[in-house]
Amino acid sequence: MSGEPKPVPRPTPETRPYWEATQRRELVHHRCDGCGAGTQHPRAICACGSTDLTWTSCTGRGRLFSYVVVHRPEPAFADEAPFVLAIVELEEGVRMTTRIVDVPADPAALPLDMDVELRWLERGDVNLPVFAPAAPEGT
Amino acid sequence: MDAIIIGAAETDVLGRNPDQSVLGLNVEGGLRALADAGLEPGQIDGVAGAYSPHGVAHALGITPRWVDSTNVGGCSFLMHVRHAAAAIAAGHATRVLVTHGESGRSRAGTVPRPRDPQSWTGQFEEPYGAKPPYTRFTLPALRYLHDNGLDETALAQVVVAQRRWSSRVPRAGRRDLMTIDEVLAAPALAWPFTVPMICMLTDGGGGLVVTASEHATAEQLRRSVKVLGTGESSDPLLVAQVPDPVGDSAARRAADDAFAEARIGRSEIGHVMVYDAFAHLPLIGLECLGLAPVGKAAELVAAGETSPGGSLPLNTNGGGLAYTHTGMYGMFAIQEAVRQLRHEAAAQVPDVSTSAVLGYGGMFTASSVLILARD
Ligand SMILES: [Zn+2]
Numbered sequence: 001m002s003g004e005p006k007p008v009p010r011p012t013p014e015t016r017p018y019w020e021a022t023q024r025r026e027l028v029h030h031r032c033d034g035c036g037a038g039t040q041h042p043r044a045i046c047a048c049g050s051t052d053l054t055w056t057s058c059t060g061r062g063r064l065f066s067y068v069v070v071h072r073p074e075p076a077f078a079d080e081a082p083f084v085l086a087i088v089e090l091e092e093g094v095r096m097t098t099r100i101v102d103v104p105a106d107p108a109a110l111p112l113d114m115d116v117e118l119r120w121l122e123r124g125d126v127n128l129p130v131f132a133p134a135a136p137e138g139t
Numbered sequence: 001m002d003a004i005i006i007g008a009a010e011t012d013v014l015g016r017n018p019d020q021s022v023l024g025l026n027v028e029g030g031l032r033a034l035a036d037a038g039l040e041p042g043q044i045d046g047v048a049g050a051y052s053p054h055g056v057a058h059a060l061g062i063t064p065r066w067v068d069s070t071n072v073g074g075c076s077f078l079m080h081v082r083h084a085a086a087a088i089a090a091g092h093a094t095r096v097l098v099t100h101g102e103s104g105r106s107r108a109g110t111v112p113r114p115r116d117p118q119s120w121t122g123q124f125e126e127p128y129g130a131k132p133p134y135t136r137f138t139l140p141a142l143r144y145l146h147d148n149g150l151d152e153t154a155l156a157q158v159v160v161a162q163r164r165w166s167s168r169v170p171r172a173g174r175r176d177l178m179t180i181d182e183v184l185a186a187p188a189l190a191w192p193f194t195v196p197m198i199c200m201l202t203d204g205g206g207g208l209v210v211t212a213s214e215h216a217t218a219e220q221l222r223r224s225v226k227v228l229g230t231g232e233s234s235d236p237l238l239v240a241q242v243p244d245p246v247g248d249s250a251a252r253r254a255a256d257d258a259f260a261e262a263r264i265g266r267s268e269i270g271h272v273m274v275y276d277a278f279a280h281l282p283l284i285g286l287e288c289l290g291l292a293p294v295g296k297a298a299e300l301v302a303a304g305e306t307s308p309g310g311s312l313p314l315n316t317n318g319g320g321l322a323y324t325h326t327g328m329y330g331m332f333a334i335q336e337a338v339r340q341l342r343h344e345a346a347a348q349v350p351d352v353s354t355s356a357v358l359g360y361g362g363m364f365t366a367s368s369v370l371i372l373a374r375d
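Chains as they are written, first to last, in this note's numbering: chain L, 1 to 139; chain Y, 1 to 375.
Honestly, I wouldn't trust all of these hints.
Selected chain Y positions facing chain L (in silico; Cβ < 10 Å) [said to hold, decoys possible]:
no., residue
1, 136
2, 141
3, 146
4, 189
Footprint (simulated), chain Y over chain L, 3 or more residues, beta carbon under 8 Å [to be verified]:
no., segment
5, 29 to 39
6, 60 to 69
Treat the hints as calculated values from the structure; they're not laboratory data. From the three backbone atoms N, C-alpha and C, an ideal C-beta is built for every residue, glycine too.
Using the sequences and the accompanying hints, generate a full structural model.
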C-alpha cells in the first residue's frame with residue numbers, strides 16, 4: 001500500500017443528488033427537459049436557454065469514446081497501474097471520465113466504440129461508476 | 001487595432017533554477033522585458049500576469065492604474081496581451097507589463113495546490129486517477145486519431161518535426177533529433193503518449209511590454225511587433241465534456257475572432273506557434289486555426305511542411321515538448337513568435353512577417369489566439 005489515500009469526491013450542494021444516487025448504485029445525469037441535452041454535473045441553465053433541468057436515471061449502457069492506458073499514475077494509484085482511464089459516452093449522449101474494468105489494459109482489447117456497461121467500484125463508502133465491456137446480447 | 005509589443009524577453013535560465021522563486025522569476029522576466037524595450041519601471045502603468053501581478057508591480061516599484069490577473073492556465077498570457085490592447089485603446093493604461101514566472105520543476109516559492117475534492121475535477125476526474133495533465137489533456141487524442149484514420153505514428157511525427165527545430169536552438173531543453181521508431185519505443189506514461197510526446201517540466205519566466213504606436217519611441221517602433229488580431233473563449237471544465245476539440249471549440253472561436261479582427265487570410269500566415277503540452281495539440285491546433293482541414297494536419301507534419309524549410313513553420317523553438325515548459329507555457333509561445341518576427345530567432349524562418357499563436361489553458365477549458373505581424 002502506498003502512503004497517500006486515494007482521493008474520494010466530496011459533494012457540493014449542487015452535486016449531492018448525483019452522489020446520493022451512487023449510494024443506491026444508480027447513475028444519473030442532469031437532463032434538460034427542453035432539448036434533451038444532458039451533462040454529468042449540474043448546470044443552472046441549458047445552452048438552449050431552458051431552466052427545466054432534472055436529475056434523470058441513465059441506462060448504464062454506452063460506448064468507449066476515447067481512453068489512455070495509464071502506466072505512470074500519481075503515487076496514490078501506483079497499485080492499480082496500468083489502468084484504463086476512459087471517456088465513455090452514455091446512451092443519453094452524456095460523456096464522462098471513468099475507468100474501463102474487467103478487461104486487459106491493452107489497446108488490442110479496447111477498440112473505440114466498443115459497447116460498455118455500468119459497474120461499480122467501491123472506494124471506502126463511495127461508489128464510483130465505472131464501465132466494463134458489455135455482455136453479448138441475450139446473456 | 002493599434003497595439004504593439006515593444007519589449008519581449010525570457011529569464012536567463014530556463015530549465016532548473018532552484019535559487020529563484022516564482023516571484024523572482026516574474027521579476028526577472030519583467031525587468032528583462034523592460035530592458036529590451038528601453039524602459040524604466042516608472043514608465044509602466046499597467047500590469048498583468050497569472051501570478052500576482054500586483055505583487056510583481058510592488059516588487060518592481062510600479063504603481064499601476066490597470067491590473068489584470070486573468071488565470072485560465074497556460075494561455076493566460078495571450079489573453080493578457082489581448083486585454084492590454086483593449087485597455088490601452090480605452091485609455092486605461094499606456095504601457096502594460098505582462099510577466100510570467102513559474103518554478104515548475106524546483107517548486108521554489110510555489111503556491112501549494114492541495115487536492116480539492118469539492119471541485120469539478122476533484123469530484124468527477126481525480127477519483128479515477130485522472131489528476132496529472134498527461135492523463136487528462138490527452139484523453140480525447142485517441143478519438144481524434146481514430147476519427148481521422150490516424151494512429152500514434154501521427155503523434156510521433158510531431159515530435160520528430162519539432163526536434164528538427166529544437167536541435168537548432170541552443171536554449172532548448174531537448175535537442176536530440178529523434179526518429180518515429182525512437183519516439184514510439186520510449187516509455188509510455190499514458191499510452192499512446194510516450195515520454196517525448198509529453199512536455200518538459202522546467203523553471204523559467206518571461207515578460208512582454210504592450211503599448212500603442214503613439215506612446216512608442218522611434219527606436220521602440222523599429223523592433224516592434226503589431227498585435228493584428230486577438231481572440232479568446234472557454235469550454236466546459238471537464239475534459240470529457242469538451243464537445244469536439246476541432247469542431248465548435250474555444251480554440252476555433254478564438255481563432256475565427258482573431259483572424260476576423262486581423263483582416264488577413266489564413267494563407268498569409270508565415271509562422272505558427274501552437275501550445276503543445278502534448279503531441280496531439282499541434283495537430284488539433286493547426287486545424288482549429290484553419291491552417292489545415294480537419295483531420296489533415298498530420299499529413300502536413302509528415303510531409304515536412306511544419307519542419308525547417310516547410311511552408312508552415314510550427315513551434316520553431318521546439319515547443320513545450322522540446323524547448324521549455326514551466327507549466328503555463330503560453331508566454332514562451334509568444335516570445336518565440338516575437339523573436340521570429342524581429343528576425344532574432346535561433347532557428348530563424350527566412351522573411352517571416354506574420355505569426356499565429358494559439359494557446360490552451362486548463363486542458364481544453366480555455367483558449368486564446370494572437371495574430372502578430374511586422375512590416
Ligand atoms: Zn436544453
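Okay, the hints, checked on the actual structure:
With a least beta-carbon distance of about 8 Å to chain L, the hint placing residue 136 (chain Y) at the interface is held under the 10 Å criterion. Proximity of residue 141 (chain Y) to chain L holds as hinted, the smallest CB-CB distance being about 7 Å (cut-off 10 Å). Among the interface hints, the one on residue 146 (chain Y) holds; its C-beta lies about 5 Å from the nearest C-beta in chain L, closer than the 10 Å criterion. The beta carbon of residue 189 (chain Y) comes within 4 Å of a beta carbon in chain L, closer than 10 Å, and the hint placing it at the interface holds.
Counting residues of the segment 29 to 39 of chain L whose CB lies closer than 8 Å to any CB of chain Y gives 1, so the stated coverage by that chain is violated, three being the minimum. Requiring three or more residues with a Cβ within less than 8 Å of a Cβ of chain Y, the coverage given for the segment 60 to 69 of chain L holds, as 5 such residues are present.
The structure shown violates just one earlier hint, number 5.
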